[in-house]
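Visitor: Sequence:
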Amino acid sequence: MNEWKAVVGVDVSKEEVSVAILGKEKEIEFSCKNSSLVFEKKVSKILKGIDKSNILVIMENTGNYHLKLSCHLYECGYSVSVVNPFVIKKYSEMKMKRAKTDKADAKIIANYGRYEEELKMFTPKSDVQYKIEIKLKAIEDFQKAINIFGNQMNALKNYPVCTPELVNPYRKTIENLKKQIKKLEDEIKSLVSDNFSEDIEILKSIPGVGKRLSAAIVSMLSSFKSFETGRQVTSFVGICPSPYQSGTSVNKRGRISKKGNAYLRKLLYLCALSASKHNEGCRLFYQRLRQKGKESSVALIAVANKLIRICFACLKNRTFYDKNYYSYMEA
Numbered sequence: 038m039n040e041w042k043a044v045v046g047v048d049v050s051k052e053e054v055s056v057a058i059l060g061k062e063k064e065i066e067f068s069c070k071n072s073s074l075v076f077e078k079k080v081s082k083i084l085k086g087i088d089k090s091n092i093l094v095i096m097e098n099t100g101n102y103h104l105k106l107s108c109h110l111y112e113c114g115y116s117v118s119v120v121n122p123f124v125i126k127k128y129s130e131m132k133m134k135r136a137k138t139d140k141a142d143a144k145i146i147a148n149y150g151r152y153e154e155e156l157k158m159f160t161p162k163s164d165v166q167y168k169i170e171i172k173l174k175a176i177e178d179f180q181k182a183i184n185i186f187g188n189q190m191n192a193l194k195n196y197p198v199c200t201p202e203l204v205n206p207y208r209k210t211i212e213n214l215k216k217q218i219k220k221l222e223d224e225i226k227s228l229v230s231d232n233f234s235e236d237i238e239i240l241k242s243i244p245g246v247g248k249r250l251s252a253a254i255v256s257m258l259s260s261f262k263s264f265e266t267g268r269q270v271t272s273f274v275g276i277c278p279s280p281y282q283s284g285t286s287v288n289k290r291g292r293i294s295k296k297g298n299a300y301l302r303k304l305l306y307l308c309a310l311s312a313s314k315h316n317e318g319c320r321l322f323y324q325r326l327r328q329k330g331k332e333s334s335v336a337l338i339a340v341a342n343k344l345i346r347i348c349f350a351c352l353k354n355r356t357f358y359d360k361n362y363y364s365y366m367e368a
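Numbers 38 to 368, taken from my numbering, label the letters of the sequence shown in order.
Worth double-checking, as some hints may not be accurate.
Said to hold, decoys possible - Within a straight-line C-alpha distance of at most 27 angstroms, the following computed DSS-like cross-link-like pairs (lysine-lysine) qualify:
| id | residue 1 | residue 2 |
| --- | --- | --- |
| 1 | Lys314 | Lys248 |
| 2 | Lys215 | Lys226 |
| 3 | Lys85 | Lys181 |
| 4 | Lys314 | Lys241 |
For the record, the hints were derived by calculation from the structure and aren't laboratory data. Owing to the predicted nature of the structure, the values given are computational and were not obtained by experimental measurement.
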């Protein structure tokens with residue numbers, strides 16, 4: 038068991054947080070609105086007299102809802118850990134505890150924090166990294182909107198009264214969105230070149246790794262600084278091979294796992310399409326899997342697994358891509 042003076046488990050939702058505090062002699066549960074200031078005021082009052090660095094605050098990665106809280110608590114001096122929800126789910130199943138309320142969830146999270154010996158401590162990213170991440174997601178949202186308006190514009194052609202006057206609003210919206218995407222891409226390029234030029238140059242040396250994936254790695258994954266192994270990376274992203282999948286990273290129908298970071302998985306899959314044609318090691322790996330009877334989607338996700346491991350190895354070793362070495366790297 039860890040020697041924390043108190044462990045605070047937090048179940049975070051959009052509007053509210055449910056909290057379970059496990060102290061040396063008492064347990065306290067409460068709920069409050071999802072406000073960093075309100076939460077910290079309540080916790081500091083309950084745990085008055087305890088050094089904040091000896092208080093572990095642990096919560097699940099909720100995508101966005103936990104971000105302000107975790108950053109604020111870190112700045113206040115608390116020891117903060119943000120864990121993958123899948124890890125908490127497996128812990129709950131192992132303990133045969135099925136939470137039926139948010140407060141029960143918070144207690145399960147707190148218990149995990151109390152007994153887990155190898156917790157990763159949370160460190161906020163830089164403002165630049167968060168800006169890049171937001172801009173990348175905006176590009177994805179705008180691209181989705183372009184696809185929606187484009188499909189609708191094509192559907193209008195089936196109407197007998199379809200005229201340029203009716204189509205133009207769609208066309209102009211698409212043009213404006215494309216301009217916004219170009220503007221965002223230029224801003225991202227400037228941010229990464231000013232702050233992460235060496236990392237970007239290393240990633241650019243890997244055939245198949247595009248600008249967006251490179252930017253995502255330096256911003257969303259902090260250039261792998263908090264990861265020790267390639268497997269940790271693939272697990273975080275959600276393309277870690279399952280023991281039931283014979284070395285591939287998808288289920289029987291070749292779908293991408295829903296665990297981990299969906300945006301990174303999508304980027305990796307798109308880059309795997311390119312790498313399976315232009316990266317010799319990935320191309321041979323893809324062909325070998327196809328010859329073994331694997332579906333194309335299964336083989337591509339295995340290529341994505343291999344590609345992110347190559348990115349990890351190059352950045353960790355501070356070396357440019359060498360096809361004679363990395364082509365034979367295990368996926």
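Visitor: All hints, please: hold or fail.
Guide: Here is what the structure says about each hint:
{"no.": "1", "hint": "Lys314 x Lys248", "in the structure": "holds (17 angstroms)"}
{"no.": "2", "hint": "Lys215 x Lys226", "in the structure": "holds (16 angstroms)"}
{"no.": "3", "hint": "Lys85 x Lys181", "in the structure": "violated (49 angstroms)"}
{"no.": "4", "hint": "Lys314 x Lys241", "in the structure": "holds (16 angstroms)"}
In summary, the structure is inconsistent with hint 3 from the numbered list given earlier, while agreeing with all the others.
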